[in-house]
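Chain residues, written in single-letter form:
Protein chains: 2
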Amino acid sequence: MELLKEVLEKIKPSEKERAIVNAVTKEIVGIAEEEIEKKGVSATPRLVGSIAKDTYLAGDHDVDLFLAFPLETSLEELRKTGLELGKSIGERLGHYEVAYAEHPYVRSTYKGFEVDIVPCYNVKSWKDVKTAVDRSLLHTEWVIKNINGRNDEVRLLKRFLKGIKAYGSEVYVRGFSGYLTELLIIKYGSFMNLLENVEFLGKSKIIDLEGWLRKEPEIAYKTVEREKESPLIVIDPVDPRRNVASALSWEKFGVFYFKAREFREKPRLEFFFPPKKETGDYKEILKKKGTHLVTLIFPKPELIDDILLPQLERSAKGFEKSLKREGFEVFDLNWGYVERAFIMLEVDRVERTKVLLKPGPEFLSERALDFYAKNQKVWIRGKRLYSEKAVKESIVDVIEELLAKNQVALGKNLREPIKEAEILLNFVPPELEEEAYLFLSKEKWNIKG
Amino acid sequence: MELLKEVLEKIKPSEKERAIVNAVTKEIVGIAEEEIEKKGVSATPRLVGSIAKDTYLAGDHDVDLFLAFPLETSLEELRKTGLELGKSIGERLGHYEVAYAEHPYVRSTYKGFEVDIVPCYNVKSWKDVKTAVDRSLLHTEWVIKNINGRNDEVRLLKRFLKGIKAYGSEVYVRGFSGYLTELLIIKYGSFMNLLENVEFLGKSKIIDLEGWLRKEPEIAYKTVEREKESPLIVIDPVDPRRNVASALSWEKFGVFYFKAREFREKPRLEFFFPPKKETGDYKEILKKKGTHLVTLIFPKPELIDDILLPQLERSAKGFEKSLKREGFEVFDLNWGYVERAFIMLEVDRVERTKVLLKPGPEFLSERALDFYAKNQKVWIRGKRLYSEKAVKESIVDVIEELLAKNQVALGKNLREPIKEAEILLNFVPPELEEEAYLFLSKEKWNIKG
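Going down the list, the sequences are from chains A and B.
Yeah, the first sequence ends on 449 if you go by the numbering used here, and it's all consecutive.
Yeah, the second sequence ends on 449 if you go by the numbering used here, and it's all consecutive.
No lab work stands behind these hints, which were simulated from the structure alone.
One should not assume that every hint holds.
Beta-carbon label-pair distances, calculated as ranges [unchecked claim]:
{"no.": "1", "chain 1": "B", "residue 1": "N193", "chain 2": "A", "residue 2": "E366", "range": "19 to 25 angstroms"}
{"no.": "2", "chain 1": "A", "residue 1": "S365", "chain 2": "B", "residue 2": "A101", "range": "35 to 41 angstroms"}
{"no.": "3", "chain 1": "B", "residue 1": "A409", "chain 2": "A", "residue 2": "S365", "range": "33 to 39 angstroms"}
{"no.": "4", "chain 1": "B", "residue 1": "A409", "chain 2": "A", "residue 2": "E366", "range": "36 to 42 angstroms"}
{"no.": "5", "chain 1": "B", "residue 1": "Y221", "chain 2": "A", "residue 2": "S365", "range": "22 to 28 angstroms"}
{"no.": "6", "chain 1": "A", "residue 1": "E326", "chain 2": "B", "residue 2": "Y221", "range": "43 to 49 angstroms"}
{"no.": "7", "chain 1": "A", "residue 1": "S365", "chain 2": "B", "residue 2": "D62", "range": "38 to 44 angstroms"}
{"no.": "8", "chain 1": "B", "residue 1": "R314", "chain 2": "A", "residue 2": "E199", "range": "39 to 45 angstroms"}
{"no.": "9", "chain 1": "B", "residue 1": "E326", "chain 2": "A", "residue 2": "E270", "range": "49 to 55 angstroms"}
{"no.": "10", "chain 1": "B", "residue 1": "E326", "chain 2": "A", "residue 2": "E265", "range": "53 to 59 angstroms"}
All figures in this text were calculated on a predicted structure; none of them were measured in a lab.
We put the beta carbon where it would ideally sit given N, CA and C, even for glycine.
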């Protein structure tokens with residue numbers, strides 16, 4: 001298809017880029033080998049990830065350098081020696097910092113390339129796997145062995161998924177991982193063929209490239225059973241215990257499903273390179289819908305997205321629950337950050353009339369006589385005295401009171417910043433105008449946009 | 001006290017009135033005896049109630065004529081013969097109609113007196129009691145034997161309770177019955193002494209004039225245990241199984257408690273003969289409180305108060321519950337009838353913005369493709385497709401929809417009339433203006449009014 005060629009021209013690394021990538025990675029591996037030798041460590045440097053598999057997109061080349069230790073190495077030894085070795089490689093590369101996943105690892109940059117230096121075990125099979133990253137070695141090997149020249153098809157699929165915002169297995173995306181796209185291409189042979197079979201894929205649901213359901217039925221069926229609520233079950237060719245698509249959400253699979261159908265009917269470049277969504281005036285939307293926007297803005301804490309975004313989500317849902325309890329209807333939620341972090345709540349109203357029923361004591365008591373004497377109007381329901389007054393309450397006051405009384409479930413690291421948040425009614429600062437429009441108009445979620 | 005004399009002048013039947021009452025009741029009993037003889041029924045006519053006990057208020061004299069059958073009579077026989085006999089007495093008196101309580105009985109009028117003709121068993125002791133009305137014979141006898149000339153004190157107490165709206169044991173009043181006022185006077189000797197002891201009464205709580213707790217401890221303590229949530233436990237002098245005050249609510253006892261204290265401090269004629277509550281403009285109250293009034297008006301069904309008012313209460317509470325579920329806050333309820341029956345709801349708002357979230361089908365289906373095609377904006381949550389639109393909804397529309405869908409719990413006999421009800425917003429017809437004012441201003445419940 002002419003269109004796909006046009007896309008490939010944009011996303012396939014040029015010969016020149018490939019040469020640079022190859023040269024640089026070779027240098028990096030060389031430096032690693034030197035450091036290993038110098039230190040006398042028994043580890044092997046291994047390139048993994050999309051560069052190793054040659055499935056990276058033009059201009060998008062992070063180097064994943066794994067340091068594979070013998071299986072006999074103890075976990076402490078691996079952590080300690082691995083980190084030390086990483087640091088000295090990082091030093092040689094220029095500069096580094098230590099990052100934390102299951103184990104600490106080193107992040108560095110070299111000649112404009114981001115380099116992650118990650119210690120792991122030198123596993124030969126899934127039975128050897130001890131840490132979460134070990135499997136990457138096997139993934140890389142398996143893909144290289146099976147990709148069979150369809151690397152560009154993977155690139156098309158990756159770009160397509162990026163275009164429709166369904167790429168990435170991060171907890172705040174819950175889309176398709178790089179490895180999953182590779183397996184889908186290996187299964188279906190080409191990007192277009194995958195798209196042709198998206199209904200079949202959704203219905204058959206299970207992909208088992210290595211025939212684990214035959215070879216290791218007990219383990220593989222356990223995986224299927226455990227993952228039965230997932231939209232896809234792709235049994236990892238290198239590990240029957242794992243569903244490669246376990247992070248994929250129904251939402252993101254659904255977006256892919258509909259976009260695949262649309263692309264088949266009307267293939268357009270925009271699927272791969274979507275124009276910025278058209279935006280408009282959020283105030284118009286508010287007027288049209290008759291709803292209201294409450295925005296909390298506060299300084300973005302120094303947290304990586306994997307931690308910050310789930311905590312923002314949790315906090316937004318905490319506000320939803322607490323405000324519902326206070327009699328406000330919350331129609332939808334939005335969160336994120338631009339310069340500062342924000343939580344947006346679309347609500348039915350910004351003021352409530354509250355008739356404050358003042359419950360008094362039960363009436364056979366001294367305090368009851370007091371209450372009776374002090375209030376102008378008093379009546380009895382059950383054994384208790386009551387009086388009342390009516391007040392108008394702004395949702396801002398209600399939120400401030402909820403926060404002061406710790407009656408909103410908030411993300412752990414956001415409690416303090418949210419207490420200091422600015423609370424804006426039907427108004428956002430310029431940095432959030434577009435976000436507010438996309439949220440209120442639903443264009444943010446609209447698949448048909 | 002001079003004031004009490006003044007009250008008694010108004011409420012004590014004059015000699016002339018007494019003579020008429022005596023003459024008329026004698027005639028009625030005479031007619032009953034003739035009919036019994038004519039029919040050859042073995043029943044004895046017995047006068048019970050406030051005329052028999054001489055505790056009636058001037059101008060307030062309904063005749064309770066009981067037809068006491070021997071204990072051997074079967075229940076069917078009693079019902080049948082009792083009703084027939086009642087009808088022929090009623091015919092002799094002029095006209096009659098049949099009314100229904102536990103058993104059918106006859107209501108008639110004679111020379112301006114209302115006459116209830118009720119068949120019962122001629123019981124001598126609580127152990128004989130078979131039907132709910134039998135005990136009245138024993139009550140009348142006991143009061144006559146023990147009243148000891150304090151009849152006018154009973155009259156003062158009755159009038160006082162009427163003045164503060166705490167008289168009557170009907171289910172929609174839950175106040176002091178006539179028999180309970182008599183027992184309270186017999187216990188405390190006088191109206192003023194009862195008032196002096198109201199705190200003590202509230203705390204000691206138990207009155208046992210016949211010493212049942214000694215004579216029949218097992219039965220009497222069971223009564224106390226069963227009634228322990230009542231504000232008063234007055235063990236029936238003629239039946240240890242019964243709390244004479246069991247119908248008395250905490251509310252009505254509370255009103256009595258506070259009014260008794262106030263009267264002791266500042267005795268005034270108004271306690272006995274309260275002026276009509278001062279009324280005002282309900283629209284002003286609405287404006288001041290910022291709340292809203294929803295009134296349903298419909299033709300009053302032909303039902304006695306004992307049935308109609310509890311059903312109106314049940315229906316009002318049904319609306320409260322359903323509207324809360326729909327997102328409206330209901331602050332207070334009122335019900336009753338003037339010319340027509342009404343239910344009033346004080347609510348926080350009369351319009352809601354409702355973002356109609358249109359849930360579609362799950363997306364791996366033919367219907368999902370349809371939904372996707374037909375809606376302008378579509379997104380996915382979980383496996384499901386969604387679209388939305390926002391609408392403004394009036395509480396009137398919401399109520400009409402709730403009624404159309406049978407989603408309000410209504411009193412059994414009110415379902416049809418309420419479906420035809422007019423629903424008024426922040427406006428009532430002239431007949432209800434005063435009611436609306438008293439309700440919204442809380443003067444209706446205000447004890448201090």
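Results for each hint:
1. B:N193 - A:E366: 19 to 25 angstroms: Holds, at about 23 angstroms.
2. A:S365 - B:A101: 35 to 41 angstroms: At roughly 39 angstroms between Cβ atoms, A101 of chain B and S365 of chain A fall inside 35 to 41 angstroms, so the hint holds.
3. B:A409 - A:S365: 33 to 39 angstroms: holds, 35 angstroms
4. B:A409 - A:E366: 36 to 42 angstroms: Distance hint for A409 of chain B, E366 of chain A holds at roughly 40 angstroms.
5. B:Y221 - A:S365: 22 to 28 angstroms: Between Y221 of chain B and S365 of chain A, where Cβ atoms are some 27 angstroms apart, the hint holds.
6. A:E326 - B:Y221: 43 to 49 angstroms: Holds: the Cβ-Cβ distance is about 47 angstroms, inside 43 to 49 angstroms.
7. A:S365 - B:D62: 38 to 44 angstroms: 40 angstroms Cβ-Cβ, so the 38 to 44 angstroms window holds.
8. B:R314 - A:E199: 39 to 45 angstroms: Because 54 angstroms falls outside the window, the suggested range is violated.
9. B:E326 - A:E270: 49 to 55 angstroms: Violated, since E326 of chain B and E270 of chain A (Cβ atoms, about 43 angstroms apart) do not stay within the stated range.
10. B:E326 - A:E265: 53 to 59 angstroms: violated, 42 angstroms
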